[in-house]
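Chemist: Read off the chains here:
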Amino acid sequence: MSRADLAAGNVIRMSLLFRVQHLLLTVLLTVLAVTGFALMYHENSLARWIIRLEGGVHNRGITHRIAAVLLMANLVYHAFYMLLSREGKPELRQFFIGRQDIDDFLQSLRYNLGMAKEYPRFGKYGYKEKFQYWGASVGIVLISVTGIMLWAEEFSMRFFPKFILDLALVIHGYQGLLGFVLLYLWHIYNVHLHPSVFPMNPSWITGKVSAEWLRREHPLEYEKLKEEGLL
Amino acid sequence: MRGSVLGVVVFLGGVFLPVFAQDASASISLEKCTLCHGKPEFRKLLVDGQIRDLYVTEDTLAGSVHAKKVCTECHFDVSEIPHREHPKRVTCTHCHFKGNHEGAPQSDNVLAYFDSAHGTAIARGNTKAPLCQDCHGSHRILKAKDPGSKVARTNVAETCGKCHMEIYAQFKGSIHGAALAKGIPEVPSCTGCHGEHRIYARSDPKSTVYATNVSEQCSKCHASVKIMGKFGIETEQVATYKESFHGVASQFGSRTVANCSSCHGVHDIRPPDDPLSTVNLKNIPKTCGKCHPGANPNFAVGKIHVDAKNKESGIIYWTATFFKWLTIGTMLALVAHIFLDMYGRTRRLRGER
Chain C
1 MSRADLAAGN
11 VIRMSLLFRV
21 QHLLLTVLLT
31 VLAVTGFALM
41 YHENSLARWI
51 IRLEGGVHNR
61 GITHRIAAVL
71 LMANLVYHAF
81 YMLLSREGKP
91 ELRQFFIGRQ
101 DIDDFLQSLR
111 YNLGMAKEYP
121 RFGKYGYKEK
131 FQYWGASVGI
141 VLISVTGIML
151 WAEEFSMRFF
161 PKFILDLALV
171 IHGYQGLLGF
181 VLLYLWHIYN
191 VHLHPSVFPM
201 NPSWITGKVS
211 AEWLRREHPL
221 EYEKLKEEGL
231 L
Chain Y
232 MRGSVLGVVV
242 FLGGVFLPVF
252 AQDASASISL
262 EKCTLCHGKP
272 EFRKLLVDGQ
282 IRDLYVTEDT
292 LAGSVHAKKV
302 CTECHFDVSE
312 IPHREHPKRV
322 TCTHCHFKGN
332 HEGAPQSDNV
342 LAYFDSAHGT
352 AIARGNTKAP
362 LCQDCHGSHR
372 ILKAKDPGSK
382 VARTNVAETC
392 GKCHMEIYAQ
402 FKGSIHGAAL
412 AKGIPEVPSC
422 TGCHGEHRIY
432 ARSDPKSTVY
442 ATNVSEQCSK
452 CHASVKIMGK
462 FGIETEQVAT
472 YKESFHGVAS
482 QFGSRTVANC
492 SSCHGVHDIR
502 PPDDPLSTVN
512 LKNIPKTCGK
522 CHPGANPNFA
532 VGKIHVDAKN
542 KESGIIYWTA
552 TFFKWLTIGT
562 MLALVAHIFL
572 DMYGRTRRLR
582 GER
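Sequence lines, in order, name chains C and Y. So that you can map any letter, position 115 of the first sequence is 115 in this note's numbering, and since no number is skipped, the others follow by simple counting. So the mapping is simple: this note's numbering equals the position in the second sequence, first residue as 1, plus 231.
Hints in this document: simulated from the structure, not taken from any laboratory. Keep in mind it's a predicted model, so treat the numbers as computed, not measured.
Residues from chain Y that face chain C, not an exhaustive set, calculated with beta carbons under 7 Å:
hint, residue
1, V479
2, F483
3, T550
4, T558
5, I569
Each residue gets a CB set at the ideal place from its N, CA and C atoms; glycine is no exception.
Work out the full structure, taking the sequences as your base and the hints as a guide.
Modeler: Shown next as structure tokens:
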């Protein structure tokens, strides 16, 4: 965080490396959703149009798998980065889910229903961000398992009977749908539609958020930075 | 014998030539033809040792669709007795074309035939390929609906089998062949799948049995509850195939992916409980192994035509149902959360002011 940024009231929320990882995630998930749902709903005329656009079912499969491999690589890189790097380690610690997050969630519910006076005060990552982060990470790991099973179907069937692969296919499709629903209704709301950021939280491009936004939405982080003399 | 025939011919020539001269276009009546052709021993030894029977009586055409025709209406190149030139094979297109005035059915089947595998083989000079009369017969042509017709549903397999012998033998042993022999009216014979005049090679995209058309062709009967219900055969196979990886790839034009006949066989389709069936549980690994090298008995564990929306699919149905409600529940919870959060935030902002 440079002095100039602080003077402008801007706080760095996503470093360049995280922004690159996030952009990759965005692009790859979009490709996977478009190619995957086109197959899942292949009877739909829009899906048919998309499959033709992708060059038929064969090329659609190849596109889907290339994107899947890149996504898995992205996740593995991210995991190592969070576990081993100087920047990642403290970030990961802030993502741990604790008792406090459950309390925060319940208190926010109570507040929203008008049963509590105080809205919970979040640190850098509140329960919304943590749920999103772990949901996406665990989701990608789980969907990769069924995806790889289906990809290497002849290898899988050396060990599993056919109905397990049928099951894997059903689960893979619904996992994708569930992930997509979560992404749209949770993430799009939090970073696009939420009144404090509408139409968009710019940090995924610029990496920065305003100090004022931080004070309102993540007051504990704001106070911590102030104590450290960074604001 | 030979002398007497020649004598008759010479005699006839003397008597009737003036008549021909008067009206050359007049058709020669049956009586004139049967002077020679009416003798039961009137036949010809062909070069390949076969005997061609040339015996004709007034009963030859009786009962056929051409009962009212006379010889020269089809054998129109015959104008002299004895024939100076070898009479040519009858050309049915003389009358059978759309727009004819001869009273033949108004149909384009002849054009369809010329485009078909048989017609193009003839055009390329394959003398073994069939002409109209090879399937329909020559003098005793009956309507296809007539059970005595060579192209009647119950007889057509035998007619095709004259040339396609091996396939005919396979077909007779198949479930379709067996049902046909029992006289079941719905069952397909050769033409049921291959078409009639529009028969194309299976490598031709126009063919009803081209790789990507096969499932469509089978589903004409196998998707019909009305037909399949009579025999206790499920119709969901068509829908489940279309939903499967194989079916989707086929619908989008893959020619290498499995269609119905890749697994169930072609002319030798048998019910799954028949040990000779390619989809008998014991034979499934071998059948799948045609495309999936190293297929093992795991391929036979679990329903092949599986429908996740059907309760009979067991764990697959329950998993799908669980995920469906999980997704719906998640959506509702998230939407509820969004609205609550927005409501709460509005209150919070009001409080701050």
